[in-house]
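Enquirer: Chains A and B, in that order, give the protein sequences.
All the letters of the first sequence, read from the start, carry residue numbers 1 to 224 under our numbering.
All the letters of the second sequence, read from the start, carry residue numbers 1 to 317 under our numbering.
These are computed hints drawn from the structure, not numbers from a lab.
Certain hints may be false.
What the hints assert, rightly or not - Label pairs and their calculated CB-CB ranges: (1) Ala69/A x Lys199/B: 22 to 30 Å; (2) Glu130/B x Tyr58/A: 57 to 65 Å; (3) Phe76/B x Glu12/A: 43 to 51 Å; (4) Asn131/B x Leu18/A: 53 to 61 Å.
Claimed, not checked - Under 7 Å between C-beta atoms, here's a sample of chain B residues computed to sit facing chain A: (5) Arg111; (6) Asn113; (7) Leu115; (8) Phe156; (9) Ser159; (10) His263; (11) Asn302; (12) Pro303; (13) Glu309; (14) Gly314.
Stated by the list, open to error - SDA-like, lysine to any residue: derived pairs with alpha carbons at most 20 Å apart: (15) Lys306/B x Asp142/A; (16) Lys306/B x Gln72/A; (17) Lys103/A x Ala143/A; (18) Lys306/B x Gly211/A; (19) Lys115/A x Arg38/A; (20) Lys306/B x Pro179/A; (21) Lys306/B x Gly141/A; (22) Lys103/A x Phe207/A; (23) Lys36/A x Glu212/A; (24) Lys306/B x Thr89/A; (25) Lys306/B x Lys103/A; (26) Lys14/A x Ser110/A; (27) Lys253/B x Trp193/B; (28) Lys306/B x Pro97/B; (29) Lys61/B x Asp273/B; (30) Lys306/B x Leu78/A; (31) Lys306/B x Ala140/A; (32) Lys14/A x Lys103/A; (33) Lys306/B x Glu92/A; (34) Lys158/B x Pro117/B; (35) Lys103/A x Asp39/A; (36) Lys306/B x Lys36/A; (37) Lys14/A x Lys115/A; (38) Lys244/B x Ser208/B; (39) Lys14/A x Lys244/B; (40) Lys56/A x Thr89/A.
Even glycine gets a Cβ: it sits at the ideal position worked out from N, Cα and C.
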Amino acid sequence: MPRETFERELQELKYELLILGSIVEQAVRGAVEALKLRDLDSARRIYAGDQIINEKRYEIEQNCLILIATQQPMARDLRMLAAILEVNTELERIGDYAKGICKINLMLGSEPLVKPLIDIPKMADLGLDMLHRALGAFIAGDADTARTIPNEDDQVDELYNRVYNDLLKMMFTNPEIIPRANFLIWAAHNLERLADRVTNICERTVFLATGEIIELDMAEGKVI
Amino acid sequence: MDMFLDTFLLDFQNRNSHHNFPSLIDYSVTETAEEDKTKKVSFLVPASQIDSFTPSPQDTKYKASILNFSLFYGKFQALRNISMDIMANKITAIIGPSGCGKSTLLRSLNRMNDLVPNIRIQGQILLEGENIYAPGVDIVGVRRRVGMVFQRPNPFPKSIYDNIAYGPRLYGMRRRALLDEIVERSLQQAALWDEVKDKLHHSGMALSGGQQQRLCIARALAVQPEMILMDEPASALDPVATLKIEELMQSLKSEYTIVIVTHNMQQAARVSDYTAFMMIDNPQNRTGVLVEYGPTAQVFTNPQNKQTEDYVTGRFG
Chain A
1 MPRETFEREL QELKYELLIL GSIVEQAVRG AVEALKLRDL DSARRIYAGD QIINEKRYEI
61 EQNCLILIAT QQPMARDLRM LAAILEVNTE LERIGDYAKG ICKINLMLGS EPLVKPLIDI
121 PKMADLGLDM LHRALGAFIA GDADTARTIP NEDDQVDELY NRVYNDLLKM MFTNPEIIPR
181 ANFLIWAAHN LERLADRVTN ICERTVFLAT GEIIELDMAE GKVI
Chain B
1 MDMFLDTFLL DFQNRNSHHN FPSLIDYSVT ETAEEDKTKK VSFLVPASQI DSFTPSPQDT
61 KYKASILNFS LFYGKFQALR NISMDIMANK ITAIIGPSGC GKSTLLRSLN RMNDLVPNIR
121 IQGQILLEGE NIYAPGVDIV GVRRRVGMVF QRPNPFPKSI YDNIAYGPRL YGMRRRALLD
181 EIVERSLQQA ALWDEVKDKL HHSGMALSGG QQQRLCIARA LAVQPEMILM DEPASALDPV
241 ATLKIEELMQ SLKSEYTIVI VTHNMQQAAR VSDYTAFMMI DNPQNRTGVL VEYGPTAQVF
301 TNPQNKQTED YVTGRFG
């Protein structure tokens with residue numbers, strides 16, 4: 001194995017990406033939990049913490065570019081670095097969803113939720129579980145697992161449709177709650193998008209392993 | 001002795017008369033026969049191991065085809081069953097670890113290996129559809145149509161002008177005005193004209209290494225070859241001179257077909273349109289085989305063969 005330096009630096013980069021993934025997971029989990037409990041302090045903390053996610057993302061991007069420039073990776077190594085750049089961006093955007101949910105929480109302020117949160121935390125659980133496994137598959141270059149995970153997006157979409165319809169019905173019967181109900185629709189929408197980004201990560205894993213760029217989004221074109 | 005000079009002298013001895021090459025101006029690149037356009041690029045690697053590689057329509061013209069080519073130096077087999085097509089007006093790079101037969105294959109393309117004693121070949125190499133190893137083939141003609149540039153710049157100890165005019169004169173060109181024209185055109189094409197136009201009668205040896213190499217390219221261009229073989233043309237040059245040679249290759253490919261052997265994988269990735277990866281079959285035989293041949297972008301981003309992958313990622317070789 002004559003490329004020990006490159007191997008080591010690539011491993012470090014993957015490790016940093018996993019750290020970013022874990023920070024993002026915690027941010028989303030915390031943001032939904034804070035919304036559910038109406039914990040404004042936590043929401044403020046997570047909102048501010050998005051800065052850490054952004055910085056980590058730039059750090060990984062920078063290290064990726066340095067590795068490309070100094071080590072001239074080829075073939076699978078090159079695909080790995082290109083894929084890390086993509087996944088890095090996806091994770092940062094998922095971090096933005098956590099920030100968005102915190103913002104909703106803060107905008108609701110002292111107002112109560114229009115209904116107890118049940119389906120939205122479920123969406124978060126499903127989406128984060130997908131994310132966790134998708135990142136594991138990415139690091140392992142496991143295209144087979146990556147191909148199956150996006151199928152689970154249907155469950156997230158189903159929950160989103162239910163939240164959407166429930167809140168719509170409530171808005172019809174009681175127009176007073178429209179602003180607050182609308183906030184919750186946005187929170188659910190953020191989590192629905194999270195699962196879509198997990199699909200993108202899975203697509204990058206297939207690319208990394210096979211060199212093929214394919215669409216894994218089974219629900220493509222479906223109107224929610 | 002200087003390889004280039006060697007070849008020319010050999011050519012000179014083999015030459016029957018000036019009538020073979022009545023006028024340089026008549027040397028036009030002939031069009032490939034229509035049926036050639038339907039040929040597929042051939043690979044040694046079993047089809048099951050590689051995705052089918054269909055050249056785009058403009059790539060379907062072949063300058064040369066290597067068909068089941070094997071080469072022996074006495075009892076030692078240097079190349080085994082190499083089959084590949086060289087695309088016209090493209091740059092084809094041959095890469096692989098030291099001793100895998102890259103240069104031997106390159107030199108087979110203009111029968112430069114004929115200079116080595118005890119050499120024996122099997123198979124064919126077609127140049128524009130004609131086997132250059134067929135009995136009775138005019139080797140001088142082959143070497144005029146397929147020029148060569150070597151690793152170390154090797155200008156003759158003559159003036160810049162005489163270096164370029166050497167080949168045409170050898171082929172019977174005597175008219176001064178025409179020679180002037182050939183010298184200027186060749187130096188222009190080799191991107192050297194502006195640097196040497198005021199000192200054409202100075203010694204070619206007085207130029208810098210990079211300029212000397214461009215002079216050698218100009219010298220090869222002077223006899224209007226169809227294909228140019230480059231054996232590590234930039235390995236003795238500094239980075240700036242290297243990039244100049246690489247840019248020059250790009251500007252030449254509209255008129256010439258170029259085959260380059262290089263140890264520098266980044267160079268192969270930068271300059272070539274197609275890349276062939278060769279290696280030895282096993283440490284005992286040390287016979288060169290073609291492992292993978294395909295578009296350069298594919299070979300360097302998604303090679304189909306594990307050995308190619310290991311080589312281009314630097315994990316072997």
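Enquirer: Determine for every hint whether it applies to the structure shown.
Expert: Verification of the hints:
no.	hint	result
1	Ala69/A x Lys199/B: 22 to 30 Å	violated (40 Å)
2	Glu130/B x Tyr58/A: 57 to 65 Å	holds (60 Å)
3	Phe76/B x Glu12/A: 43 to 51 Å	holds (46 Å)
4	Asn131/B x Leu18/A: 53 to 61 Å	holds (59 Å)
5	Arg111	violated (34 Å)
6	Asn113	violated (31 Å)
7	Leu115	violated (36 Å)
8	Phe156	violated (37 Å)
9	Ser159	violated (41 Å)
10	His263	violated (14 Å)
11	Asn302	holds (3 Å)
12	Pro303	holds (5 Å)
13	Glu309	holds (5 Å)
14	Gly314	holds (5 Å)
15	Lys306/B x Asp142/A	holds (18 Å)
16	Lys306/B x Gln72/A	holds (19 Å)
17	Lys103/A x Ala143/A	violated (36 Å)
18	Lys306/B x Gly211/A	holds (14 Å)
19	Lys115/A x Arg38/A	holds (12 Å)
20	Lys306/B x Pro179/A	violated (59 Å)
21	Lys306/B x Gly141/A	holds (16 Å)
22	Lys103/A x Phe207/A	violated (35 Å)
23	Lys36/A x Glu212/A	violated (41 Å)
24	Lys306/B x Thr89/A	violated (30 Å)
25	Lys306/B x Lys103/A	violated (50 Å)
26	Lys14/A x Ser110/A	violated (42 Å)
27	Lys253/B x Trp193/B	holds (19 Å)
28	Lys306/B x Pro97/B	holds (15 Å)
29	Lys61/B x Asp273/B	holds (14 Å)
30	Lys306/B x Leu78/A	holds (15 Å)
31	Lys306/B x Ala140/A	holds (18 Å)
32	Lys14/A x Lys103/A	violated (30 Å)
33	Lys306/B x Glu92/A	violated (34 Å)
34	Lys158/B x Pro117/B	violated (30 Å)
35	Lys103/A x Asp39/A	holds (12 Å)
36	Lys306/B x Lys36/A	violated (52 Å)
37	Lys14/A x Lys115/A	violated (41 Å)
38	Lys244/B x Ser208/B	holds (13 Å)
39	Lys14/A x Lys244/B	violated (38 Å)
40	Lys56/A x Thr89/A	holds (11 Å)
Comparing the model with each earlier hint shows violations of hints 1, 5, 6, 7, 8, 9, 10, 17, 20, 22, 23, 24, 25, 26, 32, 33, 34, 36, 37, 39; every other hint is respected.
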